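J.: From just these sequences and the hints, can you work out the full model?
Chains A and B, in that order, give the protein sequences.
For what it's worth, my numbering labels the leading residue of the first sequence as -15, then goes sequentially.
For what it's worth, my numbering labels the leading residue of the second sequence as 16, then goes sequentially.
No lab work stands behind these hints: they were computed from the structure.
Heads up, some of the hints might be wrong.
[Unchecked claim] Residues from chain B that keep clear of chain A, each with C-beta distances beyond 12 angstroms, as calculated:
1) Asp17
2) Asp24
3) Ala37
4) Ala42
5) Asn43
6) Val45
7) Ala47
8) Ile49
9) Asp57
10) Arg100
11) Ile104
12) Glu111
13) Ala113
[What the hints assert, rightly or not] Here are the computed distance ranges between Cβ atoms for each label pair:
14) Asp17/B <-> Pro62/A: 26 to 36 angstroms
15) Thr55/B <-> Gly95/A: 34 to 44 angstroms
16) Glu108/B <-> Ser120/A: 19 to 29 angstroms
17) Arg50/B <-> Asn5/A: 47 to 57 angstroms
[Stated by the list, open to error] Residues from chain B that face chain A, not an exhaustive set, calculated with beta carbons under 10 angstroms:
18) Ser28
19) Gly67
20) Leu89
21) Cys91
22) Tyr94
23) Pro97
24) Ser102
25) Pro103
If you're wondering where the values come from, they're calculated on a predicted model, not measured in any experiment.
Idealized CB from N, CA, C, for every residue including glycine.
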Amino acid sequence: MTLTLAMDAPPFDLPGVDGKNHSLEEYAAAPVLAVVWSCNHCPYVLAWEGRMSAIQRDYADRGFRLVAINSNDAERYPADSFEAMKSHATEGGFPFDYLYDEDQSVARAYGPERTPEVFLFDADRRLVYHGAIDDSREEGAVSEHYLREATDAVLDGRSPLQSETPSVGCSVKWRE
Amino acid sequence: MDVELLYWDGCPSYPEARELLADVLSANGVEAEIRMREVTTDAEAETLRFPGSPTIRIDGRDVDRTGAETRPSLSCRVYYLPDGRVSPIPSREDLEAALS
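T.: Here it is, written out as C-alpha cells:
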C-alpha cells in the first residue's frame, strides 16, 4: 500500500551513511520534510541526485530537510549495499541524510514504487505531495519544478498546486 | 544488419531507447528490423550477459562496450552521454558509431 494524501508519516529509525541512526522524530523541527526513495545504481537517481542536493541547499535556511532512503535488496543488487551507499554519498557530497532500510520495513510502510520518488510532509507530518522531483530527468528540459513548488506552498501556508505526479525511475528492488 | 534490443519491463526506458534507435537507423538509411527481446529472470540475464535495460546489440556487438562488462542483472542500465551526464538510454552518438 502506498501512502495517500493527508496520511501521517510512518515512523522510522534507520542507520545513515554518517554512522548515526536517524529517526522521524529527529526532524520534528523542520517545517517541511521530504522523504525520497533513492539508491546508488539507478540512472534516473543519478540524473536527479544533483537536483536533490541543490534543493536541500537552497531551502536549508528555511528549515527544509530532505532525507533519502535506500531500500533496495543489496543481495541481488550489490551496488546498493550500505557500504556502497557510504562511498556514493561521499563522492556526491550529499548535503542530506542518506539512510539504509535493509529490512525494507520502512519502504513497506510508505509504499514507494520507484527511485527517485518523493513523499513531502508538512509541519504536522501529513503527506502533502507525492511523486516526482520535477518533470524531466534532463535538467535543461525541466518546466515543472514539482518539489520546489510544493515546498514553497507549504512554507507559505498554502496547499501545493499539484499534490500528486507520476514518478519516473527504476523500480524499488524488493526482496524475494 | 542484425539489430537487437534487450529489455527488462521493470525499467521504463526501453520505449524511448527503441524510438531513438529507430530514428537513428532511419536517418542513416538502414533498413533493419529491431528485434525486441524481453529478459525476465536473473538466470536469463546471466545467460544473455544482460548488463541492464535497455541493451542494444548490432550484429551481436553492444553499442556501449564499457557498460557491456557490467555484472548481469535485472536493472536499469547506466549510460554516459558525451558531455558526461548520466542517462538511462545510450546517446545518439553511440548508436551512430555502432552503425559505422
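J.: Checking each numbered hint in turn, tell me which of them this model violates, lowest number first.
T.: 2, 9, 10, 11, 15 and 23
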